[in-house]
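S.K.: Residue numbers (our numbering), protein chains in the order written: chain Y, 1 to 592; chain P, 1 to 329.
Incorrect hints may appear among the rest.
[As the list claims (entries may be wrong)] Calculated pairs, DSS-like style, for lysine-lysine (alpha carbon to alpha carbon, straight line, at most 27 Å):
id : chain 1 : residue 1 : chain 2 : residue 2
1  : P       : 327       : Y       : 109
2  : Y       : 4         : P       : 228
3  : Y       : 109       : P       : 4
4  : P       : 236       : Y       : 77
5  : P       : 65        : Y       : 104
6  : P       : 228       : Y       : 80
7  : Y       : 172       : Y       : 160
No lab work stands behind these hints, which were simulated from the structure alone.
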Amino acid sequence: MDIKDILKAIKPLKRRIHLNSAFICWTYAFIFAGVLSLILSSTALFYPIAFVKDKLIVIYAVSVLTSIVVSLFLGPKALKTIQIADSLGLKERLITAHQLKDDKSTVAKIQRDDALKAVYNANFKALYSVKVPVLKMLIGLILLVFVLVTSLIPTVAKDKAETKEGIINETKKQAKKLDEKREEIKKSGLVSDKKLDEINKEIDEMLKDLNASKNEEDALKSLSKAKHELDKLKNNTINKDLKKMSEKLSQNTLSKDLGEGLKEGDSDKVGKAIDQMKEKLKNADKEELKDFAEMLEDTADEITDDKLSEDLTKLSEAIKSGDMSSAADNLETLSTDLSNSVQNGSESLSESKQSENEAIDQLAKTLNNSKYAISKQAGMNLSTSQSGQQSQSSQQGQSGNQAANGQSSQSGQGGQSGNQAANGQSSQSGQGGQSGQGGQSGNQAASGQSSQSGQGSQGSQGGQGGQGGMSGLGPGGGAGDGSTNEDAGYMEGGTSGGAKKPGSGKEENYEAIYNPNRLGGDSQSSQVSGTKNNSGQSQWNDVKSIPFGESSKVPYSEVYSQYKDEAMSGISEAQIPSGMKDMVRDYFTTLE
Amino acid sequence: MEVKEKDIKNVIDATARIEKQVAKHMVGQNNLIRQVLISIFAGGNVLLEGVPGLGKTRLVKTLGKVMDLQFSRIQFTPDLMPADVVGTNIITKSDDKGGNFKFQAGPIFSNIVLADEINRATPKTQSALLEAMQEKTVTVGNTTYTLPQPFFVLATQNPIEMEGTYPLPEAQMDRFLFKLDVPFPSLNELVDIVSMTTSKEDADLETVTTGEEILSIRNITRQIPIAKPVLEYAIKLVLSTHPESEHAAEVAKKYVRFGSSPRGAQAIVSTAKIRAVLEGRYNVAFEDIKYVAYPALRHRFFLNFEGMTEGVTTDNVISEIIADIDKGI
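Looking at chain Y on its own, in the form it has when it is part of the complex (with noise of 0.2 Å):
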C-alpha cells in the first residue's frame, strides 16, 4: 500500500468537498452579481443608461460563468482533503501517511496500511454532508427579485433610454450598411486600389467612430466628417490645375487679371483678362515678357491637365522667342480652353475618374441615408434628403418670392434670392435677422417708406453675390470677407437660388473674421411703412466692403471654438429649429 492508494480511497471526499466549495462559490457570484445589478437597474431609474436589460443580463451571465469556471479550480488539494478527513474521525492516520510517503520502514508501512483501513471503514457520505448554502442563496434571490422590480419601474430617464438605445441601435445598422456599400463598390471594380486604399481608410476610420458614438450627435458627426472627407477624395483635377493656374497668373501683373478671373470661375471674365493680356504684352519690356514667360513654362509644368499644359508651353516659347503674333495666337488657344475647361469642369474626366466619382457619390448618398436614419430614430427634424434628391426648404435655400406683410424677419442658411417685395410695414433689422450662409443675390424692391437698418450679418460667412443685395437706409449690409457659398451653404445637393456659381466672397479667406463679440450687439429696429404694390420708391446700396473696420475681425483660428461652442451648445439646449441642428453640424465638421 502507498499514499496514492489512500489518495485514490478518498475521492469520493474530495469530489464533496470540491461541490462544497462550488456551490459557495455559485452563490457567492450570484450575491454578487445580484448587488451590481441592482445598483445599475437604481441607476437606471434616475439617469438614462441604454441596454440596461442586456446589461443586466451579461451582468448574470458573466457572473454565473465565472463562477462556474472558477468552481472547477476549486477542486481541494491533496493534503486539504487528508487533513478535512483526519478531522472526520481518521485522526490524523492520513497526515502521518503522508508525511512517511517515502519512508520504507515496517512502522511506516502498517501505519498507512491502518489508515487506508480506517478510510475505507469512513463513511464520507454521513461525516461529510454537501451542503446548499440555503441562507445565501435566498439573499441572492431577494436580490433578484428586487432587480427585477427596479428594472420594470417606468421612469423619464427610461424612456430616454429608450429612445437612446433605438440611436445606437440604428448607428450600427448603418454602419453595416456603409460596410456593405463599401464592399459593394469593392467588388464593383469601378475604383482603382489607390482611391479604394483611401476610401477605405476614410470609410474605416468613420465605422470605427460611428461605433464607438454613444448619442446621435457623435453619430452624425463622424456621418458629416465622413462625407466631406469622401467629397475630398473625389477627382477634380481640372479644378485642381485651375486653381493651380489661378494662384500662379495672379503673382505676374501681366497675368493678374486672368488669375482672378480663373479664381472666380468666370470664363467671360477669362475672356476679357486674356484680351487685356495681349494689349500688355504688347507694351511690356523685355523683362517683364522675360519672367511672364518663365512664370507660363512654370505653371505648365505643375498643372496635370496635356491641353492646358501645351497651350501654356507654346505661350512661353512663343514669348521667349518675341513671336508676339504666334503668342496672340496662342492666347487665343488658350482662351478657348480655358474657358471651355472652366465651363466644363468635371465633364473633361476621364471615364475612369468619373467612375470613381460615382462611386464615392453612391458612398455619400448612402452615408445620408444613414444620417436620415439615424436623425429619424433621434426625433430630429433633420432636412436632408434622403435618396440625394434637392430638397429647397426653408433652411436650404430660400427662393422665389417673398412677400412681406406686417413684421417680418429673413434669416435663412442657403441662398436667398428672388425679389423681394416689402409693402406696408416691413423691417427687416437686427442682428442677424439676415444671416445667410449662401449668397443673397436677386433684387429687393421695397415701396413705400423702407427702412432698412441695423447691424446685419447678411452673409457673414458667405458670400453676398449678384446684384442688389441688402438695401437700407441703415449701415446693414454683408458680404465681404467670407468662405463661398460652396463652403459655408453645405447644401445637400441644394443650389441657392439664382446664384448659379459661387458668390464672390474668397476662397479660403479664413484668416479673419468677425469678432464674435460685435456680433449680435444692439441695434434699433426699424419699420418700413408704405403700401404693399410694386411701385414706390427704392433705394439701392451696393455694399462692397464689411462695416466695420480691421479691429473688428479677429484671427479664425482664435474664434473658431468659441464660434463652435456656442452653436453646439445652441444645438443641446434647443435654442436653434431642430432641422438647423445638423446643418450646424456639418458646417462647423467641415470647417474642422
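Given chain Y, put chain P in place with the hints provided.
M.R.: Same frame as chain Y, but now just chain P:
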C-alpha cells in the same frame, strides 16, 4: 529494532493484562491506572496527588506485584535522611581485624520505588531523589551506582494537611513525567471498594509482565510516527504556557508566572505515542496530545499570585490553551 504489527498488538495485550490484574485490587480509577501505565512505559516518574484513602499506595503496590518488578516503599517523614533513601557506606569487620567500608544500598535500589507522602520529607531528603529520578543513578561518596532497569519513582502527596510539609521545588517537580490527580471515587465505585475490602481477602494477583517486556514496550512505542502538524501542536501547547512567548495564550499571560520547561514537550510527545498505541493506532493524533497534556504539564508551570487568588488551576489554564490553539487550526 524493526517494529512489527505483532509487537504493537503485544503492547496492547500487555496493557490489557496489567489493567485487568490491577482491576482486581482497584475499583474504578481506570483513567488513573491507564495514565500510570503510560508513564511507566515511557520510563517516567509519577507524582500521585490525592487525599488520603483513595488507593494511591495500593495502586503502586499492585502494579509492583503485577509487573514482577522489585518494589520498595519509602515513607517520607520529616526526619528521613538522604542516606535512608539512597543507602550509605558502612564499616564492616574483616577477618584480619581490619574494617572496610561497604555500601549498603537504600530502598531506592529497586525497580518501582513508592515515595509515599514525599512532601513530608525535608528538601534535603527530597533532593536525594533527583539524580535517581533523572539519571537513574545514585552517587554515594565518590561512587556512582546504576539503578536497576526499569526504574521509576511513584510518589504520592497529600494536598491537604500542608502544615509541616515541604512542597516540592520546581526542579524536582519537573523530574516527574506525570502528575496525576487521584479523584474521589463515585458512589458505585465506593460501594464496590467497601464491599471488596471488607468482605473477603484480596484476590491473588498474577504477574503478567516483566521488566524486560516493559523495556521492550518502551522501545517499540518510541518508534511510533508523529506527523509534523501534530508535533507542532504539542510544541505550541508548551510555548503557550510561557507568558512572555509570542505564542503565549491570553490566559497564560494573565495567570502564569513561569511556563513549562522543554521536558514538558518531551513528556507530551513520548507519552502521546504510548497512548496512541494503547488506542490501537500507529500514529499520534491531536487527541493523544490533548489527553496527555494535563498530566504532563499541570505541574510544570506555575501560577502567579493573581491566578492563585482567583482560584485558577493549572488544568483550567491548559484547557483554555488547548481551546485557543484549536481555534487556529
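S.K.: Assess, step by step, whether the Cα of residue 236/P is no farther than 27 Å from the Cα of residue 77/Y, and give holds or violated.
M.R.: holds, 25 Å
S.K.: Within 27 Å, alpha carbon to alpha carbon, are residue 228/P and residue 80/Y?
M.R.: Holds, at about 15 Å.
S.K.: Residue 327/P and residue 109/Y were given as a pair; does the straight-line alpha-carbon distance stay at or below 27 Å?
M.R.: With a Cα-Cα distance of about 32 Å, the restraint between residue 327/P and residue 109/Y is violated, given a limit of 27 Å.
S.K.: Keeping to a limit of 27 Å between CA atoms, is the pair of residue 4/Y and residue 228/P held or broken?
M.R.: holds, 20 Å
S.K.: Keeping to a limit of 27 Å between CA atoms, is the pair of residue 65/P and residue 104/Y held or broken?
M.R.: violated, 40 Å
S.K.: Verify the proposed pairing of residue 109/Y with residue 4/P, using a straight-line Cα cut of 27 Å.
M.R.: holds, 10 Å
S.K.: With a cut-off of 27 Å on the C-alpha distance, tell me whether residue 172/Y and residue 160/Y pass.
M.R.: Cα-Cα ~18 Å, so holds.
The structure is inconsistent with the numbered hints 1 and 5, although it conforms to all the rest.
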